[in-house]
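Whole structure, please, built from the sequences with the hints as guidance.
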Amino acid sequence: MALQGPEELGEQVEEPEDLDDQDASSISPAEEITLPPGPGGDEEPEEALLLPWDRFSAWLHCICVVGFDLELGQAVEVIYPHHSKLSEKEKTSICYLSFPDSNSGCLGDTQFCFRFRQGSNRKSSLGCFLETTDRDAPPCLKREQGHYYGYVYFRQVRDKSLKRGYFQKSLVLISKLPYVTFFHSLLKIMAPEYFEKQEPCLEAACNDIDRWPTPHPGRILTLPIMGVVIKVRIPTCYDKPGTSQLVQSAQSDSLVSIVLPTIHEVDLFRCFYPVFFHIQMLWELVLLGEALVVMAPSPAESSDTVLALVSCISPLRYCSDFRPYFTIHDSEFKEYTTRTQAPPSVILGVTNPFFAKTLQHWPHIIRIGDMKQAGEMAKQMKVKKLKNLKTLDSKPGVYTAYKPYLNKDEEIIKQLQKGVQQKRPSAAQNAILRRYFLELTQSFIIPLERYVASLMPLQKSISPWKSPPQLRPFIQQDFMKTLEKAGPQLTSRLKGDWIGLYRHFLKSPNFDGWFRNRRREMTQKLEALHLEALCEEDLQQRIQRHTEVETVDLVLKLKDKLTQAEREQLPVRPGTLAKLRAHIEAVILALPEDLQGILHKPSSP
Amino acid sequence: MALRELKVCLLGDTGVGKSSIVWRFVEDSFDPNINPTIGASFMTKTVQYQNELHKFLIWDTAGQERFRALAPMYYRGSAAAIIVYDITKEESFQTLKNWVKELRQHGPPNIVVAIAGNKCDLSDAREVPEKDAKDYADSIHAIFVETSAKNAININEVFIEISECRIPVADAAGGTSGKGFKLGRQASESRRTCC
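Quick note, the sequences are listed as chains A and B, same order.
Counting from 1, one number per residue, gives the positions in the first sequence under the working numbering.
Counting from 606, one number per residue, gives the positions in the second sequence under the working numbering.
I should point out that these hints are in silico values taken from the structure, not numbers from a laboratory.
Some hints could be false.
[What the hints assert, rightly or not] Example chain A residues on the side facing chain B (calculated, C-beta under 8 Å, incomplete): (1) 197; (2) 201; (3) 204; (4) 224; (5) 226; (6) 253; (7) 256; (8) 257; (9) 261; (10) 262; (11) 265; (12) 455.
[What the hints assert, rightly or not] In silico lysine to any residue, SDA-like type, Cα no more than 20 Å apart, as pairs: (13) A:357 / A:369; (14) A:197 / B:674; (15) A:188 / B:696; (16) A:240 / A:206.
Since the structure is predicted, the reported quantities are computational estimates derived from the model, not experimental observations.
All residues carry an ideal CB built from backbone N, CA and C; glycine is no exception.
The following block contains the structure:
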C-alpha cells in the first residue's frame with residue numbers, strides 16, 4: 001500500500017506531460033528539436049497573469065447558437081460568453097454561413113466550417129501575448145489577422161411539435177485559429193450535449209476552455225472539456241514537416257481521454273478522390289493563386305475540399321482569401337462575383353446551384369458529387385472537359401482550360417489507384433498523397449529559399465556603430481539563373497516547364513506573402529545580429545572618448561533598440577537583452593546625477 | 606512502470622466540500638472561501654501504487670442544481686465516483702443516496718463508489734451519525750470514510766482505496782487486467798476512522 005512521492009509526481013494541467021510518453025501518447029523525434037530560445041531567453045510572459053476569459057480568448061472569440069425563427073429566418077440566439085462583441089454585419093454573416101444554403105437535405109448532424117471577414121478592427125488586450133505564442137507556429141497555423149473561422153455543428157431532425165416540422169440549429173465556434181480538425185473534434189463532444197442540455201452546458205464548456213493552457217506550439221496540451229480530456233500538440237515551424245504526430249495508445253478510453261493525431265490536417269485523399277486524376281494540376285492552380293471555385297452538394301464537402309486545396313501547398317501559406325463555404329448572402333458576394341473585373345485570386349466553396357450561373361465566367365471550376373446540369377454547364381462554358389474525366393463518374397470533375405506547366409506524374413496516380421483496388425485504408429492513401437504534395441512543394445520552394453538566403457549580407461558587414469546592413473533586392477533574372485544548376489531537378493523527377501511555373505508564381509500573391517515573411521524574418525535576424533554585436537562592445541571605454549551629449553544620445557538609442565527587440569521579439573541569443581539592460585544602466589551611472597534621474601525616469605525594466 | 610489513467614468524478618450536494626477535497630489532495634491546501642464550481646473543474650494527480658503509476662483525472666462537478674443534468678458527462682467512463690456529503694447536514698446525505706441510485710441506473714457498470722462524509726472536524730454540529738453512514742455504505746458495498754479537507758484527514762486515503770480497487774484483480778490468474786470491482790464488491794476492511 002505504498003503511496004510514494006505524490007508531491008513529485010503531482011502535476012497541474014498546464015504542465016507539459018512528461019509522464020505521458022510512457023504510454024498514452026508518444027512523440028516523434030520532431031519533439032526533440034529544441035526550440036530556439038525565446039526573446040532574450042528570459043522573458044516568457046507569465047500565464048499566471050492572465051485574467052478571467054483571457055485563456056478562453058486565446059482559443060475562441062465566442063460561441064454562437066444559430067437557430068431558425070419563422071419570421072426572421074436564421075438568427076443568432078445566444079452568444080457566449082455574453083460580453084463578446086460581434087458587429088451586426090458579423091452576426092448576419094454568421095447567421096447565413098451557419099446553415100446549409102440550399103435544400104441539400106442535410107438531415108441529421110453535419111459539420112463544416114466557414115471563414116468571414118472581420119468587420120471592425122477590434123484590438124485584443126491579449127495581442128502581444130498571443131504574438132508570442134504565435135511566433136513558433138508554422139506559417140499556415142498562425143492566427144488569422146483580418147478573418148474569423150466559424151466551425152459549425154448543424155443539427156436538423158424531424159420534430160412534429162415545431163411549426164416547420166423540423167428542429168434546425170447550429171452550434172458555432174468563432175475563432176481566429178485555423179485548427180479545423182481540432183475544433184471539429186471539440187464540437188463533436190460539445191454540440192450533442194448542448195442540444196440536449198442547453199445553456200448550463202455552454203457555461204460549463206466555456207469555463208473548461210477558460211482554464212486551458214494557451215495554444216502554445218510545440219507543447220503537448222491537455223485540454224479538459226465536459227468530462228473528456230483532449231490531448232493535442234500544436235506543430236511548430238521547427239518541426240520536420242510530416243513528422244510530429246501524437247500517437248493514440250490502443251488501450252485508452254474515448255470517454256476518458258482522446259489523443260488527436262493532428263489539429264489541422266484534413267483527409268486529402270478523401271477530399272480529392274472525386275477529382276484525383278487532376279491533383280497535380282490543382283496543386284499548380286493553388287500555388288499560383290488562381291481563382292478557383294468548388295461546387296459541392298453540401299457545405300461539409302465544399303469546406304473540406306477548399307481546406308484540402310489550401311493545405312496542399314503546405315508548408316507554403318496560401319495567402320489569398322479562401323472561403324470554405326460561401327453563400328449569396330456573403331458581404332463579399334458582389335465583390336467576388338462581378339463580371340466587370342477578372343475573377344479575384346480566391347478559392348470559394350459553394351453549394352447553391354445559383355453559383356453555376358453566377359460564376360460561369362470563372363476560369364477553374366471543381367465539381368464534387370452529383371449536381372444537376374453538369375453536362376449542360378460544361379457546354380455553355382466552352383471549356384474543355386479534361387480527358388480523364390470519363391473514367392470516373394462523368395459529372396464531377398475539373399472544368400478548366402488551364403494547361404499545367406509540369407508534366408503529369410503518372411506514378412502517383414497509379415499508386416493511388418492501386419491503393420483503391422487493394423482497398424488500402426484511407427489514412428494510408430492520405431499519407432501518401434500528403435507526402436507527395438509536400439515533396440513537390442519543397443522541390444519547388446528550395447531553390448527560392450536558397451536564392452533568398454544568398455541575399456543576406458555577410459556577417460562581417462555588420463558594424464555595431466553603423467545601422468544594420470540592408471538585404472539585397474530580389475532580382476528575378478538572377479534567381480532564374482540559379483535554376484540551371486540548382487533548380488528543382490535536383491529533388492524532383494518531374495519534367496516540364498518549371499521556369500514558366502516560377503515566372504507565373506513570382507507574380508502571385510503566394511509569392512508576395514512568402515517573400516514578405518522571409519524578408520521580415522531576415523531583417524529581424526540582421527537587427528538581432530547587430531544588437532548582439534553592440535552588446536559585445538566595451539561601452540564604458542567608448543563613452544570616455546565622447547561628450548556628455550553624445551552619451552545621452554547613446555543611452556536613448558540603446559533604449560530604442562531594447563524596446564524594438566522586445567516588441568518585435570527579435571531572435572537574439574539568450575541573455576542578450578539582459579546584457580543590453582546592464583549596459584544601459586552602466587552608461588547612465590557614468591553620467592552626472594541630475595542626468596541620471598532624467599534618464600531613469602521612463603525606466604526600462 | 607505502467608501508467609494508467611483513472612477518471613474519477615466527485616458528486617454531491619452544493620457546499621459539501623467536493624472542491625476542497627480535490628484541492629487538499631492535489632495541492633495540499635485549503636481555502637475556506639472557495640468559489641462555487643461552474644460545470645466542473647478538472648485536475649490531475651499522479652501517484653505510484655505498487656508497481657503502477659495511477660494518474661487520477663479528477664472531475665470535480667458543480668453541486669448546484671442547474672448543472673445537475675450535466676453529471677452524466679463526468680461519471681461516464683469514470684473508474685470511480687467519490688460521493689461527498691456534509692456530516693453536519695442531514696439533507697446532503699439524502700442527496701447522496703439519490704446519486705447512488707443514479708449511478709446504479711446510468712453509471713458505468715464497474716464504477717467504484719466511495720462515500721466521503723466531509724467536514725468531520727465539525728463533529729459538534731454533526732447531524733449524520735457515522736454508524737448510519739457506514740451501514741449504508743456497507744449495504745451498497747461502497748468505500749466509506751469520514752474526511753476533513755480542512756484538517757487533511759483521510760483525503761489521500763480515499764484515493765489509495767480507489768487505487769486498490771482498480772489494481773489488476775489477480776496477476777496470477779493472468780490476462781484479465783485492471784477491470785476493477787463491481788459495485789457489489791466486498792466492503793473494504795481498511796476503513797479509517799476519524800477524529
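Okay, the hints, checked on the actual structure:
1. 197: 5 Å, holds
2. 201: With a minimum Cβ separation of about 6 Å from chain B (threshold 8 Å), the hint on residue 201 of chain A holds.
3. 204: 2 Å, holds
4. 224: 4 Å, holds
5. 226: Where the cut-off is 8 Å and the nearest Cβ of chain B is about 5 Å from residue 226 of chain A, the hint holds.
6. 253: Holds, because the Cβ-Cβ distance from residue 253 of chain A to chain B comes to roughly 5 Å (cut-off 8 Å).
7. 256: For residue 256 of chain A, the interface hint holds, since the closest Cβ of chain B sits about 4 Å away, which is under 8 Å.
8. 257: Status holds, d = 6 Å.
9. 261: With a minimum Cβ separation of about 18 Å from chain B (threshold 8 Å), the hint on residue 261 of chain A is violated.
10. 262: Constraint on residue 262 of chain A not satisfied, violated at 22 Å.
11. 265: Violated - the Cβ of residue 265 of chain A stays beyond 8 Å from chain B, reaching only about 26 Å at its closest.
12. 455: Since the shortest Cβ distance to chain B is 49 Å, the answer is violated.
13. A:357 / A:369: 18 Å, holds
14. A:197 / B:674: 7 Å, holds
15. A:188 / B:696: 37 Å, violated
16. A:240 / A:206: Roughly 34 Å between the alpha carbons, so the hint for residue 240 of chain A and residue 206 of chain A is violated.
Violated hints for the displayed structure, listed by number in ascending order: 9, 10, 11, 12, 15 and 16.
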